[in-house]
Every structure is written in C-alpha cells, then in structure tokens.
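Hey, can you work out the whole structure from these sequences and the hints?
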Amino acid sequence: MDYFIELFFSGLTRGSIYALIALGYTMVYGIIGLINFAHGEIYMIGAFTAFIVATVLSIYGFPLLAIVVIAGVAAAVWSSAYGVTIERLAYRPLRQAPRLAPLISAIGMSIFLQNYVLLAQTSDFIRFPELIPEFAFMEPVAHIVGSSDMVILVTTAIVMIGLTCLIKYTKIGKAMRATAQDKTMAVLVGINVDRVISATFVIGSALAAIGGMLIASHIGQINFYIGFIAGIKAFTAAVLGGIGSIPGAVLGSMILGLTESFATGYVSSDYEDVFAFSLLVLILIFKPSGLLGKAEIQKV
Amino acid sequence: MFPVKELKRSALISLWFAFLTFPILVVKVDPLERIVQWRWSNMFYIAIGSFVLSILAKVYMIRKERRDARKKETAATEPFAQRIIREPRFLYPLAIACLIFGVSFPFLFSVYQTNIMTTALMYVVLGLGLNIVVGVAGLLDLGYVAFYAVGAYSYALLNLHFDLGFWLVLPLGGLLAAFLGILLGFPVLRLRGDYLAIVTLGFGEIIRLILENWSEFSQGPSGIANIPRPGLFGIDISFGGGITYIYYLVLLLVIFTIFVVNRLQNSRLGRAWLALREDEIACQAMGIDKTKTKLIAFSLGAFWAGLVGVIFAAKTTFVNPASFTFLESAIILSIVVLGGMGSIVGVIIGALILILLPEYLRALSEYRMLAFGAVLVIMMVFKPNGIVSTVRRSYRFKGHAEIEGDSHE
Amino acid sequence: MNDAPVILSVEGLSKNFGGIQAIDSVDLDIRKGEIVALIGPNGAGKTTFFNCLTGIYTPSSGDVYLSNPESGKKTRLNGKKPNKITEIGMARTFQNIRLFPTMSALENVMIGRHCRTNALILGAIFRGPATRREEEGIVDSSYQLLKKVGLHKQVNEQARNLSYGAQRRLEIGRALATEPFLLLLDEPAAGMNPKETEALVALIRQICEEGHSILLIEHDMKLVMSLSDRIVVMDYGKKIAQGTPEEVRSNPAVIKAYLGEDVDA
Chain H
1 MDYFIELFFS GLTRGSIYAL IALGYTMVYG IIGLINFAHG EIYMIGAFTA
51 FIVATVLSIY GFPLLAIVVI AGVAAAVWSS AYGVTIERLA YRPLRQAPRL
101 APLISAIGMS IFLQNYVLLA QTSDFIRFPE LIPEFAFMEP VAHIVGSSDM
151 VILVTTAIVM IGLTCLIKYT KIGKAMRATA QDKTMAVLVG INVDRVISAT
201 FVIGSALAAI GGMLIASHIG QINFYIGFIA GIKAFTAAVL GGIGSIPGAV
251 LGSMILGLTE SFATGYVSSD YEDVFAFSLL VLILIFKPSG LLGKAEIQKV
Chain A
1 MFPVKELKRS ALISLWFAFL TFPILVVKVD PLERIVQWRW SNMFYIAIGS
51 FVLSILAKVY MIRKERRDAR KKETAATEPF AQRIIREPRF LYPLAIACLI
101 FGVSFPFLFS VYQTNIMTTA LMYVVLGLGL NIVVGVAGLL DLGYVAFYAV
151 GAYSYALLNL HFDLGFWLVL PLGGLLAAFL GILLGFPVLR LRGDYLAIVT
201 LGFGEIIRLI LENWSEFSQG PSGIANIPRP GLFGIDISFG GGITYIYYLV
251 LLLVIFTIFV VNRLQNSRLG RAWLALREDE IACQAMGIDK TKTKLIAFSL
301 GAFWAGLVGV IFAAKTTFVN PASFTFLESA IILSIVVLGG MGSIVGVIIG
351 ALILILLPEY LRALSEYRML AFGAVLVIMM VFKPNGIVST VRRSYRFKGH
401 AEIEGDSHE
Chain E
1 MNDAPVILSV EGLSKNFGGI QAIDSVDLDI RKGEIVALIG PNGAGKTTFF
51 NCLTGIYTPS SGDVYLSNPE SGKKTRLNGK KPNKITEIGM ARTFQNIRLF
101 PTMSALENVM IGRHCRTNAL ILGAIFRGPA TRREEEGIVD SSYQLLKKVG
151 LHKQVNEQAR NLSYGAQRRL EIGRALATEP FLLLLDEPAA GMNPKETEAL
201 VALIRQICEE GHSILLIEHD MKLVMSLSDR IVVMDYGKKI AQGTPEEVRS
251 NPAVIKAYLG EDVDA
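Chains as they are written, first to last, in this note's numbering: chain H, 1 to 300; chain A, 1 to 409; chain E, 1 to 265.
Read the hints as simulated data drawn from the structure, not as lab findings. Treat the hints loosely; a few may be bogus.
[Said to hold, decoys possible] Rough simulated footprint, nothing fancy, chain A against chain E, three-plus residues with beta-carbon under 8 angstroms: (1) 76-85; (2) 92-102; (3) 121-131.
Yeah, the Cβ is synthetic: ideal placement off N, Cα and C, and Gly gets one too.
Here it is in structure tokens:
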C-alpha cells in the first residue's frame, strides 16, 4: 500500500510539472492556434537561468530562502522575455502565412535554442543545487512523500488558483478569453490583440520557468535537451485534457503523470515514454476533442 | 537616408538582446569548484550583432515594401525560378544537364564527396516521399522517420536472422513501412491537422523507444553492425567501388521517384489530394473517399521512407536508434517546406541545401545546428512559401479534346 | 407526373444539436423529374435538412431513403458517409460556395468525375491505355459540362477568380459531374443579378429536362414560383405546408410565417 501511495504522489508531482508546462501550450494554442514547439525550450531556459542565478548567489553566500526567491523570479522574468521575443521574431510575422509555416518556424526556434544553450553553457548534464530542504515536519511521511514533492504540489496548486483568478476576473484575462474565441471580433471591440498574445506568452513562459526550476531541483540535474521530451509530454497532456481548455490541461497532466508513475512502478521503467504516447494516440482516436475540450460542430 | 527613429529602435533592440542573453551567455558557473566566470565580451558581441541585424532587417523590409508597391503597378510577373520550371524549353536542357552532372559525379569528385552526395540524394528521395504526404495531400506528418527506421531495421534484422539479401529486402522494407503506414493511418487520419502532427510525432518516438529498449528484438541502443552492402549478381565490390555503386543506386532511385511523383501528381489521385487539401467537405460531397485517399498518400510516403531506410542500412552497414530521432523528421519536413511544398524541383533544391551546406560547413561544425535552426526561422519569416513557391499545376485546356499537362517539373 | 417513381423519401427526420431542435420530424417525397423548392425564413433549418440528407450530419431520428429511378434500388442513407451518398446518386451545391479555389474551372469539374472513374496508384504510374482513355474521358465530359453551365470560355481560370454567379454555376457543373439523379441546390441564385438569375432558371429547367430531379433551397420567390412543381415550407424546423406554388401562395400558415412580410419583395 505504501508503494501505491508513493507512486500516487510521484505521479501527482510529475503531473504538476506537466501541468505548469501544458498551460503554456494550451493558452498559446487557444489564442493563436499554434503548437508552440519552442515552449519546451522555454522551460529548459527557465531551469538553466534558475541554476545559474542560484549557483552564483550561493557562491556569494546568500541565505537559502533568498536564493530560492531570487532564482525563481529571475527564471520567470527571463523565460518570459524569451517567450515574448520568440513570438515577436518567429511567430508574429507569420500570422497570415500558410498553416505549416509557423510550425516549421517553431521547430527551427526549438533547435536554435537548444544549441544556443549547448554552446553558451555545456552539453553535459549539470548538477542542479538542492533548493528545497528536507522539512522536519515531513519526517513521518518522508518514505512516501518527499519534501520537494510537497513543495511542487503546493506551488502548483497556488499557481493554478492564481491563474484561474487572473483569467476569470482581470481585464487582461477577459481580453484573452475574448481573443481566444474570435480574434477578429476582439479587434473590433478594441482589444489590442498583439498585447494579449504577448501577455499569453509571458504567463505561459513564467509558468514553464517555475516548472523548470522545481523539477530541476527535484531531480537534481539538467541539460540542454530536457525541454524536448518534457515539452512533447506536456503537449500530450494538453491534448489529452482538450487543447485550449485550462482545467483540461491540468486534468490531462495529472492523468498523464499518474499513468506514467504507475506504469513505470508496476510494469517497466524502460517504456515510460511509450506509455505516454500510447495514451495520447488512444485518446485522440477515441475522443479527439480531449477530455474537457468541446467537440466542434462543422459549419457547412 | 536612415531615419534617427530607426537607429533609436535598433539601439533599444540591441539593449533588449543584451539583457535577454545575459544569464545564459555571460555567466558561466562551475558548481563544484564554485567559480563564476563572467564573459562580458559575449554581451558586447550580442549588442553589436543585434544592432546591425535589426538595421539590416529594417532595410530589407523597406525595400520589400517598395518592391511590392511597384509590383502592384506592373502586373505580377512570375518569379525567375518558376518561369524556368514552367517552360519545357528551359526545363528539359536543365534537367539533362543535371542528369549528366549526376551521372559523372563519381568520376569528377573523390569518394568522400560521392559519399556525401549519396546522403544528399537519399534525402532528396525522403523529401519527395514526404512531399506526397505533406506537400500534396496536406497531411502534416512529424513522425516520418519512423518509416525510415522500419526500412533500415527490416534490412538489418532480416539479414541478420534469415540472411535475406539487399535486393529482396529493398521492396520488402518499403512494403513493410507502407503497411505500418496504413495501420497507423487508419485510426489517426480522421484527426484534424495539428492533432495528426502530434500523433505522428508520438508514433515516431514510440518506434524509436521500442528499438532502444527492446534489446532482444533490436539489440538496443548499441544497434546492429556488419550489415552487408548490396552485391551485384553475387560479386562483392571493394570499399570505394561500393560507395560509387550505392551512389548510382540512389541516383536511379531519385530518377524513379521523380518520375512516379510527377505521374501521381498529374493523375486522378493527385487531383483528389490537391482538392482534399483545399476543402475536405466539398471533396466528400464530390464522392471522394476522404479516408481512403489520405491513407493512400500516407502509405505511399511511408513506402518511400522504407526504401531509403533499406539503402541507408546498406550504405552505413550499421543501424542504431540514434539515427532515427525527431530531429531527422524535422530535417526532412524542413526540406519539403523550405523547397516549397508540392514542388518537386523545390524539394530537390531544399534537400541539397539543407544536407550539403552543413556538410561543407564542418569547419563551423559546432554552430551547424544553431545555424540550421536559425535558417528555418529566417526562411519562414522572409519566404514562407519556400524557395520555389508551389507552381499550381493545372491542365491547360487547349481546344477540344486536346490537352496537355503543362507542368513537367 | 404523380405516377413517376419516388426517388427520395424522408420519413420523420429530426435533428437536434444539444437541446436545440433544428429539424422536427419532417416528411418529404420527391418523384422522378420533379423540381421541388424548400423555402422558409432564415434559420428554419433548410440547410441543416440538406446536411442531414447528404450525410454531413447524422439525423437524430427518422429515415432517409434514396431510390435509383433506373434500377429501382432503394438505399437507406442514415449514417452513410457523404461520399457514399454522392456515389449512390445525390449531389449538392453549397450555400457558401465551396469550390477548390486555386484549381481551375475545368479541374473543379474533373474532381466531380472522381467517383465515376477508377484509376489508382498503378494506373497513375504506368498510365496504360485504359488510364489514358479514362483521363481523356474525364477531360472531355468535364469540358462538356462547363459548356452546359456556360463557363467553357473560362476553362483555365482559377475558380477563385471567377465572378460570384460564375462560381455558383461552376458548383452546379461540378455537382452534375458526379452523375446524380437527384440534385440539391442550396440557394443557387444568391448574389446573382436579375439577368444571371434568368439564365440560371433556364439552366435548371434544362438540367431537369435531361432527367435530373431537383430539390432547391431559395429565397428568390420569383424564381421559386416560376420554377418549382411543388413547394415545401419550413419554419422552426417543422414542415408547415406543402403544395403547388398556387396552394402555398394562398396558405394562411405560410403567409403568417413567412410570406406575410415578404410576399411582394
């Protein structure tokens, strides 16, 4: 039973990280209908920025709490900056282009960013500092739920609530929903669509950066390639839940995380990714609009 | 000349990039030795570089606007590249010249060069195969490499276990890949474009992961070595001769593929693919079986990937899963899109540029992939329709019951 | 006229989207050689009705049968794919023109020939005598159809460059290429000027005389009254009246629902 609970929590942890990344995919897809292939790279850059800032601060002897906060903020800020820049350079000029052009551009951007980090930093795995200490009060349950699992779960929950409020109640949130439904109409009622799209990239990137930092600290190592597989899986999760739907992205991520965790725990860890992709293929075949997505009625 | 406002804008851009690249490009830390290295010179290069580039981009944009304005006045003229393709009297001599060059290549250049050219030609075939799927039928396939892998492993495994020869496996590998294409395509081709992309991507990864992890079947990450090169009527060919031999084999395959793809595009099936790309509902209302037509395109594309896969295994005499990553799919897709979707000439040019350029840029080998990514983005931003924007092939009806397919690409 | 065999029979057809009843148990028979008009205010469910017939939507309940007037073979259409239904012998045009915009006028019609021809991969590659003959036949018959709808001068023109009226006629030509015995026209005269409409009326008459039966949705009352043998009126998803133009014109329910405001327009 302990093993089951352990797997359950590790699944939720994975799911939380996927959710943080998947939200970026789903929001961007909802608004501009693009699979932002470079989103995984944003997450990777977030992890690297956090790594660099945290290590520099720890060398200069800052206290742990300050390190965590500053590294987190720095990761979010720079990832957002990258996200916005990518949108400006690689996607915005292509809004009217043929359907495949932005996707190719996104793939190009993804390859570029991977190699940029590889060249600027290193191609090796680097050890990520432990930013989350072992809490004393977690001692009795430490054999099934680690402190970092707990921190990830709580952080994700807070972020989700914050995001929901943002989308529901703020002006920019309303503008985002309007733009997602009908871009032309949004322009007509005076919404600055360019700014809404930029805001979407900022939010999505910041979430991915937080996810990057949390998981890096949890696993303990990063390299330039971590964004690719995490990105694909997060996208899988977004599709699973119904792309464009924010609760869908969270639900899909949790299901994906749990599936992977139980499958690797009870079956075999070699095929971790195979399970994820098979789940995706199955869902798309049997429920193409995803779990919470709305089926489209074709207008003729 | 250049307005001050634009200079200010460029200065801001360069400041932005200096900020953007600061942590990753300037700071380098060694967590074990606890050393921080500040590389301020990088920031300087970035600032200067982005300043100059932003000015260049602006100049390009201004000129392009002027050109477009002028174009509107003087009715659109066809781009040079398209005119050449349209006119048989230009195209045929050009094609023959290319053919002569292709045939004499191994005599003119070293074995090393021939080997690189073989690789490039293999990508031409892969590009043309994927072009059927993406360019003609409009189905975005991001897992094309899976079929390539199926071909390669077919030869490796069938040879290893059953001692089957190259010539037998060549069609077999293609058919196996096509079969897999049908198997995968049947459930997923109903999906909308983007979903199809992601499912095929997932499928490509599944195939690679299985090859990597199912060691009893595929010998895992270490791969299969000592795959025999193709023989000619039982004669073994020396190493250098072998490379030339495979070169000609691939050249033949290229010619065969061009012939077939051209014929397909000018057929009832090709028309249906094009129509399907433009309006699926209207197509169905015209009695076209959407799934079946897509499935044919999908499995035909897979067939070609399988063929090239077999040749790949025979050429390198070694296969392992690392050759079949997503990057490979991305490269092949880029060939199709870069060249101009649906255009045979475009795909050939695209393949030669994307494969040969990095080979000859080995001096800058570290920066190869960086440049590759950047080129993709830049190409899409400045020329989203590809190098040879698709020449809409159409039947030019000339008089009664006398027609001519006027586009032999 | 009334002894002609029934080719389309719709029994209690209903379609709902979620809670909205778009079509509510509509019955309809069409006999060979008839021109039947389906009229009703906007949102009455006419196009949805077409979509249910042609397989784009699956009816929620009720049955649709199509009988080939030559062979007498009767087929239930519920749940059949649109392309199957076209193959059986019912073709349609679209209210919002759905041509293949970058293909030429001729090619658009050639696509219509698809379901009556056979060449596949091997035929395309080897292009044997049979395939070549088939291709020639496709081009030939497509050209004849373009002539019929009066577009043979624009044979090589891209569909998107044609005028609105020409696009509508091209859609009719493309639908005829599938050799239907029943042709469904969804607002064929929309956006046409009076002269074009006149030509369209003549064209529809000619098509009918050549043995195709026609069901059309139209708002142009003059066209409807002069062309149709029978008129069916729908409102709020229900069939509220049917009969000859004279009967419908004087039907109080129709006047109330529809013609009341519009009778002279």
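Tested hints:
Coverage of the segment 76-85 of chain E by chain A holds. Counting CB-CB distances below 8 angstroms, 3 residues qualify, and the rule asks for three or more. Check on the segment 92-102 of chain E: 7 of its residues sit with their Cβ under 8 angstroms from a Cβ of chain A, so the three-residue criterion for coverage holds. Residue count for the segment 121-131 of chain E with a Cβ under 8 angstroms from a Cβ of chain A: 6. That meets the three needed, and the coverage hint holds.
In this structure, none of the earlier numbered hints is contradicted; all agree with it.
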